[in-house]
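> Here the structure of chain Z is known, so what remains is to put chain E in place on it, guided by the hints.
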Amino acid sequence: MLSYWRQYLAISPFFLIFGIFSFVPVFYSLYLAFQRWDGMGTIQFVGLQQFRFLWDDPVFWMSIRNTLVIWVLSTVPTLFGALVLATLLHSVRRFKGFYRIALYIPNVTSIVAVSIFFGAVFSNNFGLVNAILGTVGISPVPWLSNPWLIKLVIALLMTWMWTGYNMIIYLAGLQAIPTQIYEAAKLDGAGPIRTFFQITMPIMRPIILFTVIISTINGLQSFSEPQVLFGSNAANPNLGGPGQAGLTTLLYFYQSAFVNNDYGYGAAIVWAFFVLIMVLVVINWRVVQRGRKS
Amino acid sequence: MTAVVKRRSRRPKGLTAHIVLALAVLISIFPFVWTIVMATNTTEDIYKSPPKLTFGSHLLENIRHVLDTIDFFGSMLNTLLVASVTTVLVLFVDSLAAFAFAKFDFPGRKVLFAMLVGFMMLPLQLAVLPQFILMSDIGWVGTLKALALPALANAFGIFWLRQYIENGVPDELLDAARIDGAGFFRQYWNIVLPMIKPALSFLAIYAFVGAWNDYIWPLVVLTDPGHLTLQVVLAQLHVGHTTDYSMVMAGVLMASLPLVIVFTLFARGFIAGATEGAVQGS
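As you go down the protein sequences, you meet chains Z and E in turn. Using full-length UniProt numbering, the letters of the first sequence map in sequence onto residues 1 to 294. Using full-length UniProt numbering, the letters of the second sequence map in sequence onto residues 1 to 282.
Here chain Z stands alone, though its shape is the one from the complex (with noise of 0.2 Å):
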């Protein structure tokens, strides 16, 4: 064992690091959930207290709503274009490597920037969407202050967000499946249709199943855009915009822990929420493996 101590040393700042600031934080934070405290005074236990108001707490369920819907809504079109597009990119010769910059780059700008923008352009009184919808006759969509709506644009916000990303993922798979089985379906007389269905699909299954579980991880995150676009913070009643409809559960733990000082229900929201993230990843993975059978 001593005549490994370089390899422990190399491997210890990371251990060190991640465990004061990421490990026992986590810990500490399901301790805090039990507990009731301001972050000034005494903490005191108050047992289940928390949840149990977390469960009785009207807005708490419409936090998680919010964040599922505006999940689906922009995981389905991500995931699919990103399939799409990957498909036609890898199928194509010329200009490869400029599509996929070109596609990445939106990956690589920053969530409030690209909130901003959103703001701008889906405003309901000035923005672009509402002026060209204007010049065909259409009067302003409201995008900004429908709950149906508001979910909608800030879904749109992470679609153009994350499509490149998963694109480069699934074409990295395309890239890896051996030409020879593709020529194999073609003297077999299979069309590009059939070929993607029963060759394409199967092989990028793992793939795909990868990039369910991190859309999913990741878009349940959703915090910065309609914190960033209702310009929710202490001062600003109106979090998640008009009627809450963009108050996601990250925004409303933000809420309770940081604007409220109340670490204990905001502990407690976010170890709830991350149940619900843990409940759909292996929902999720159940139904990819089960389309594997079938």
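Because the hints were derived from the structure by calculation, they are not lab data. Cβ coordinates follow ideal geometry from the N, Cα and C atoms, glycine included. Please note: incorrect hints may appear among the correct ones.
Covered by chain E, according to a simulated footprint, are these stretches of chain Z (three or more residues, beta-carbon under 8 Å) [said to hold, decoys possible]:
| # | region |
| --- | --- |
| 1 | 11 to 23 |
| 2 | 170 to 177 |
| 3 | 253 to 261 |
| 4 | 265 to 278 |
Using the frame of chain Z, we list chain E on its own:
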């Protein structure tokens, strides 16, 4: 049937694919173009119906307005500092650990590596609140130190570099170095680091972009108005002055452009690296 085949053969190969891809490219770069349009016009021009669709001549005026409203260069310097320090340290910490995991069989290696992969799954939001409490206990709230340290625990970087070292650095080379008397750290510094430069440059861009764009943690932990990062002041610009959109968009442009330029310059290697990682990781 023959007619269809004939028509298809006369058409350039994959025209439909190019048309769809070009449309997607338009959608993906449109926000950048439109941001420039808004940033170079006055707010009245943008709000006109129909709005002005061409580039205007008010960019400098809007930029001056941004500089008067927020401490743009100060916060950019803060962001640059945090992102650079984080990136360099992540590269060092992760490559060192990745080398140990890739090429040495020490007791507990498998368990420790499995733990590390498990950490990658933990959503970091669970840790935000206690991290904040920890930072306020050690008096780091409001300082830039509080941003860099938690970001160093980059499990993905180790996972990714380990794959690269395992496949990319031949054992024979390390054995030869060992015969010449090179120890663990000499092998790391003289052989491994130079050989994994492509992987390091991918991770560097990944970590830098991540640190540059981080929002929730700086928003929580930076309380001192003199020590804000770019994303936080950008969001404040929006909240405080929602009416002057051309000024806000000039700010968005100023904050996004450096990163887009850097990314475009290094994109080829970065995307090749990302692609490689995705295939190996799956």
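> Which numbered conditions among the earlier hints are violated in the structure presented, ordered from lowest to highest?
Violated hints: none; all satisfied.
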